[in-house]
Amino acid sequence: MVPQGAAPHLIAAAIGQKLGRPVPLHEIGLADADPAPEVGLAFPRDVGQAVRSATELYRLDLAGRRTGGGIWQSLAGSFAVSAYATPASRWLITPADSSVAREVSPAEGSGAPLKVGHSDVQKLREAAEDARRWDSKYGGGDWRSSMVPECLRVEAAPLLLGSYSDEVGRALFGASAELTRLAGWMAFDTGQQEAAQRYYIQALRLARAAADVPLGGYVLASMSLQATYRGFGDEGVDLAQAALERNRGLATARTMSFFRLVEARAHARAGDAVAAGAALKAAESWLERARPGDSDPTWLGFYSYDRFAADAAECYRDLKAPRQVRRFTEQALSKPTEEFVRSHGLRLVVSAVAELESGNLDAACEQGVRAVEVAGRISSARTTEYVKDLLHRLEPYGDEPRVVELRERARPLLVTPA
Numbered sequence: 001m002v003p004q005g006a007a008p009h010l011i012a013a014a015i016g017q018k019l020g021r022p023v024p025l026h027e028i029g030l031a032d033a034d035p036a037p038e039v040g041l042a043f044p045r046d047v048g049q050a051v052r053s054a055t056e057l058y059r060l061d062l063a064g065r066r067t068g069g070g071i072w073q074s075l076a077g078s079f080a081v082s083a084y085a086t087p088a089s090r091w092l093i094t095p096a097d098s099s100v101a102r103e104v105s106p107a108e109g110s111g112a113p114l115k116v117g118h119s120d121v122q123k124l125r126e127a128a129e130d131a132r133r134w135d136s137k138y139g140g141g142d143w144r145s146s147m148v149p150e151c152l153r154v155e156a157a158p159l160l161l162g163s164y165s166d167e168v169g170r171a172l173f174g175a176s177a178e179l180t181r182l183a184g185w186m187a188f189d190t191g192q193q194e195a196a197q198r199y200y201i202q203a204l205r206l207a208r209a210a211a212d213v214p215l216g217g218y219v220l221a222s223m224s225l226q227a228t229y230r231g232f233g234d235e236g237v238d239l240a241q242a243a244l245e246r247n248r249g250l251a252t253a254r255t256m257s258f259f260r261l262v263e264a265r266a267h268a269r270a271g272d273a274v275a276a277g278a279a280l281k282a283a284e285s286w287l288e289r290a291r292p293g294d295s296d297p298t299w300l301g302f303y304s305y306d307r308f309a310a311d312a313a314e315c316y317r318d319l320k321a322p323r324q325v326r327r328f329t330e331q332a333l334s335k336p337t338e339e340f341v342r343s344h345g346l347r348l349v350v351s352a353v354a355e356l357e358s359g360n361l362d363a364a365c366e367q368g369v370r371a372v373e374v375a376g377r378i379s380s381a382r383t384t385e386y387v388k389d390l391l392h393r394l395e396p397y398g399d400e401p402r403v404v405e406l407r408e409r410a411r412p413l414l415v416t417p418a
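Residue numbers (my numbering): 1 to 418.
Keep in mind that the hints were calculated from the coordinates and are not lab data. A quick note: this is a predicted structure, and the numbers were derived from the prediction, not measured. Mixed in with the good hints there might be a few duds.
Mimicking BS3-like on lysine-lysine, the simulated pairs with C-alpha atoms at most 27 Å apart in a straight line are [what the hints assert, rightly or not]:
#1 K320 to K281
#2 K388 to K320
#3 K123 to K388
#4 K320 to K335
#5 K281 to K335
#6 K335 to K388
#7 K335 to K137
#8 K137 to K115
Given the sequences, and given the hints that come with them, work out the whole structure.
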């Protein structure tokens, strides 16, 4: 028999875990068994179709958890950066829908149609705020993260399918877009790249319905970071620049700084030192213009000079400039907090790599030990990958006692699924 429902995705995910890489359905002969190959990948022009596209994704993602596959496993597969081309271009052409008011007749549903108000939207915004804190402190794979797709399915979907005025609808689409982007970010952090991609595409479509151009830019920046992380630097540049161009004259200085920083990350991964340096300089300049009284969006609360310094360090790591990495990493690590535990762990690994490339094995191992301690407190496949990369770089020094000790400390982290 041919597996049906979510089974093909779960089989691909299980094989992928053993192989240590994503396994697309066609590679195991199950491409025709995919019940919804386009779910989450479409960027409909019509608002009603956009609502259906998003809510279908929320329902499909439930299948993995019902069958014991875990969060996002029902959407497991291969990441294709080309899937971002149409959503990005359509958003650039029309970043805001003309009207999103929706009236549902009793015949369309069971009983009286749900009338959505601002209090309903506020609940979603509060859920997004809580989820951002959980993600930063515990990682995308923590049990709390399962509440985000559950909130989308149980809370957001019925509201999106209800009745609302244009004003309430804009706010509803904005809150739903924030939660959907967060689900994508958490999937990305756990290594579920295709699931992240589907959520990002739907988040961008919802942001367009919200007429929230900065939020749409933020989703594009998230897409850019994913593309860059997967090795598609040029495409990462395109996505970051799309966010920038549409937000000129609209977004706050701090927001523009973050978009330029994301662009710098992509240029660095693509190996363009000149463009990366120019983007970093522009990001720092925008950040200097930011003022406490600016109307920055709530989703940008994580971004400060510490975050700028941390990403600048990663840019120079990709450009193999250890002196600059050390300079920015020292600034990034100057104020460690319990609020951004995962970021602190990533910065420690970047610092260890810089010390190693500068010939300071002792310092590299010391930072590596600290990074492993932090990584052990969170559930983040991305952090584990950073630690693996550090250990790989240390292989030429494998017999050194300090390296052996670090490897032993990291063993429980590397054998435990993030």
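May I ask which of the numbered hints given earlier this structure violates, with the numbers listed in increasing order? Going through the list in order, the structure violates hints 3, 8 and respects the others.
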